[in-house]
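Enquirer: Go ahead and model the full structure; you've got the sequences and the hints to work with.
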Amino acid sequence: MPSAPSKLYSDDVSLLVVTLDTNPFFWSTFSFPFSEFLSHVLAFLNSILLLSQLNQVVVIATGCNSCTYLYDSSSDKNHGSTTGSMPSLYSDLLHNLEVFLAGDQQLAKPRVNAAGGGAPPPSLLSGSLSMALCYIQRAFRSGPIHPQPRILCLQGSADGPEQYVAIMNSIFSAQHSTVPIDSCYIGSNNSAFLQQASYITGGIYYRPPHLDGLFQYFSTVFATDLHSRAFLRLPKSVGVDFRASCFCHKQTIDMGYVCSVCLSIFCEHHDKCSTCGSVFGQAQSNVPSSTDRKRKA
Amino acid sequence: MNNTVKRPLNGGVEDDDEDEADGADLEAWERTYAEDRSWESLQEDESGLLRPIDTTAIHHAQYRRRLRALASTAATARIQKGLIRYLYIVADLSKAASETDLKPSRMAVIGRQVEAFIREFFDQNPLSHIGLVTIKDGIAHCLTELGGSPESHIKALMGKLECSGDASLQNALELVLGYLNQIPSYGHREVLILYSALSTCDPGDLMETIQKCKKSKIRCSVIGLAAEMFICKHLSQETGGTYSVALDESHLKELVLEHAPPPPAIAEYATANLIKMGFPQRAAESAVAICTCHEEARTGGGYTCPRCKVRVCELPTECRICGLTLISSPHLARSYHHLFPIVPFDEVSQTSQNGSSHNFSSDCFGCQQSLLSQGNKPGLSVTCPKCKQQFCLDCDIYIHESLHNCPGCESFRHSNSVTTAQ
Numbered sequence: 001m002p003s004a005p006s007k008l009y010s011d012d013v014s015l016l017v018v019t020l021d022t023n024p025f026f027w028s029t030f031s032f033p034f035s036e037f038l039s040h041v042l043a044f045l046n047s048i049l050l051l052s053q054l055n056q057v058v059v060i061a062t063g064c065n066s067c068t069y070l071y072d073s074s075s076d077k078n079h080g081s082t083t084g085s086m087p088s089l090y091s092d093l094l095h096n097l098e099v100f101l102a103g104d105q106q107l108a109k110p111r112v113n114a115a116g117g118g119a120p121p122p123s124l125l126s127g128s129l130s131m132a133l134c135y136i137q138r139a140f141r142s143g144p145i146h147p148q149p150r151i152l153c154l155q156g157s158a159d160g161p162e163q164y165v166a167i168m169n170s171i172f173s174a175q176h177s178t179v180p181i182d183s184c185y186i187g188s189n190n191s192a193f194l195q196q197a198s199y200i201t202g203g204i205y206y207r208p209p210h211l212d213g214l215f216q217y218f219s220t221v222f223a224t225d226l227h228s229r230a231f232l233r234l235p236k237s238v239g240v241d242f243r244a245s246c247f248c249h250k251q252t253i254d255m256g257y258v259c260s261v262c263l264s265i266f267c268e269h270h271d272k273c274s275t276c277g278s279v280f281g282q283a284q285s286n287v288p289s290s291t292d293r294k295r296k297a
Numbered sequence: 001m002n003n004t005v006k007r008p009l010n011g012g013v014e015d016d017d018e019d020e021a022d023g024a025d026l027e028a029w030e031r032t033y034a035e036d037r038s039w040e041s042l043q044e045d046e047s048g049l050l051r052p053i054d055t056t057a058i059h060h061a062q063y064r065r066r067l068r069a070l071a072s073t074a075a076t077a078r079i080q081k082g083l084i085r086y087l088y089i090v091a092d093l094s095k096a097a098s099e100t101d102l103k104p105s106r107m108a109v110i111g112r113q114v115e116a117f118i119r120e121f122f123d124q125n126p127l128s129h130i131g132l133v134t135i136k137d138g139i140a141h142c143l144t145e146l147g148g149s150p151e152s153h154i155k156a157l158m159g160k161l162e163c164s165g166d167a168s169l170q171n172a173l174e175l176v177l178g179y180l181n182q183i184p185s186y187g188h189r190e191v192l193i194l195y196s197a198l199s200t201c202d203p204g205d206l207m208e209t210i211q212k213c214k215k216s217k218i219r220c221s222v223i224g225l226a227a228e229m230f231i232c233k234h235l236s237q238e239t240g241g242t243y244s245v246a247l248d249e250s251h252l253k254e255l256v257l258e259h260a261p262p263p264p265a266i267a268e269y270a271t272a273n274l275i276k277m278g279f280p281q282r283a284a285e286s287a288v289a290i291c292t293c294h295e296e297a298r299t300g301g302g303y304t305c306p307r308c309k310v311r312v313c314e315l316p317t318e319c320r321i322c323g324l325t326l327i328s329s330p331h332l333a334r335s336y337h338h339l340f341p342i343v344p345f346d347e348v349s350q351t352s353q354n355g356s357s358h359n360f361s362s363d364c365f366g367c368q369q370s371l372l373s374q375g376n377k378p379g380l381s382v383t384c385p386k387c388k389q390q391f392c393l394d395c396d397i398y399i400h401e402s403l404h405n406c407p408g409c410e411s412f413r414h415s416n417s418v419t420t421a422q
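If you read the sequences in order, they're chains A and B.
For what it's worth, full-length UniProt numbering labels the leading residue of the first sequence as 1, then goes sequentially.
For what it's worth, full-length UniProt numbering labels the leading residue of the second sequence as 1, then goes sequentially.
Think of the hints as simulated: they come from the structure by calculation, not from any bench.
Treat the numbers as computed from the prediction; the structure is a model and nothing was measured.
Virtual Cβ for every residue (Gly too), placed ideally from N, Cα, C.
Careful, some of the hints might be misleading.
To be verified - Some chain A residues near chain B, calculated using beta-carbon distances under 8 Å:
id: 1; residue: Ser31
id: 2; residue: Pro33
id: 3; residue: Ser126
id: 4; residue: Ser130
id: 5; residue: Val258
Expert: Here is the structure:
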């Protein structure tokens, strides 16, 4: 995998990959309407494209049941509206968004309400982060001079604990390729996953207090390219929650027991690990070990 | 060259002989080049400039072979990996390490590769520890104790790169044995020996020491820089390690970095235990506290031990006051991809793409790059066996080597895939 520092790139040109949360369960119960949110986002994306002719913007939708690319400013498939009244950014993105939302709803399997409970299902952040990273790798391969990539997550839904491993894999891969992940979280409580993502990759995590001025927060905090960030006073982190959740009760704990074989976390002492089946305190002598021995040397 | 000198002397008769019997008149090293017509594989593009040879298909085929070999061994047995490793790196700094067959000298190359290895090792195994041992003048010295911070090891190694005297395998193994017998029973004990000498000067019976290592369940691997030695092979076979000899510097780098990911664990070598660990929270930027590692007041981000509430500067570490191992959940998560690997993708054969029942997309699902080669014909692509999405070859390599997530499986909620996670 080609590494970023070996290539020359100009400081001011950025490739911004935006993952947009379109989870209908979240937006239907949220106080701020999705249409207003979208108008702030579109104005912001337009301003990014105005900052430099070479800037690129890619938008990926994070849905409840699927993820897809909504818009790519460098692709030659952009049509623009037939009447010419809107730039292609707006018309193409809105058109693709409508198509996506219809498809996403169709993919939803009927949920059993008794099991579902009160919490809205989370959106598939791990999928859109993985797609964003694949696109960024393509940008790295494109030649010796390429824009500086970064990812911006616009998220409102809560974290889905089943995506933990996949999101952490994406974070470590982003850290390895020096791609910062910025997050703008508008939900109610802070998102631990996005805080960790921004901390580990060197991005900014920000939760805007007043949603009416969202465009102002976007353009002052998230619009600057990586080179200029050294000269600005950006919001500092308010502390990152690194606590783990135990595998048995899914509660966050700050002290626990870790299985030495599979690294599962438990909050209390057990005799046997529920993930890998190893019995604690004695040398493992279960059946698979005989095939291990055969394979040696 | 010999061939051109012969022709004027012997006239036309020799030419026919040379064409048929290339074994007879050529030196051994020339025979490898007699049939090599590498100029024929050069291509020109439209403007007459030489185009680089398209090696992506070959590169990808090599990569897939390697992946299949790994997957087949992993699939036959439920192989567990040794994730908590205590590794000693033994660097041979005897007189043989000053040889210049690797530029600038074997010792400098060893220093470089060990530094890169230490960084990669802590990246992939955050809960493990490394110690350094050098062999000089027939005596083994312990450079650094088993510790978890890469910088201290690298600094110590770079300061001590001088070579002289003989190498002694037995002294090194005895020293390492002494240290590794003191570590907790859930850790996997490993030794990696970078050996450049062709002999070993031992005070006693080396075979006895090898048997002692085997009894203490230490997995010894050797990387030779000179030639293959029986004793190294015997040592690695007895203890369950690997032995390889490096051909040149890039091969040495490959061999050394092969030891960075956790090896398959031999199950009875380490006991399974529940280790008590703490997960501290990171303080806000404005918090002030006295830090235990530097013993002075510090502002800004530090971590608070959950048991005794003192501040530590970095993770992973052991709290100096109460002895609790402190890690953050990302450190554990770095190793989860070894436990939940993704399956290799299947190649899509180009013949089946035309007129088959599947709908083949024209763009890679991950990066949106067009999968069609020149002339709108389908190019090489791969597909995930679980979610059936198509990916280009570069995404395939990136997904399996760095990302460890299939974007297709992650992007569809109801695909029957994905890890057990928490």
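Enquirer: Out of the numbered hints, which ones does the structure contradict?
Expert: Failing hints, ascending: 1, 2.
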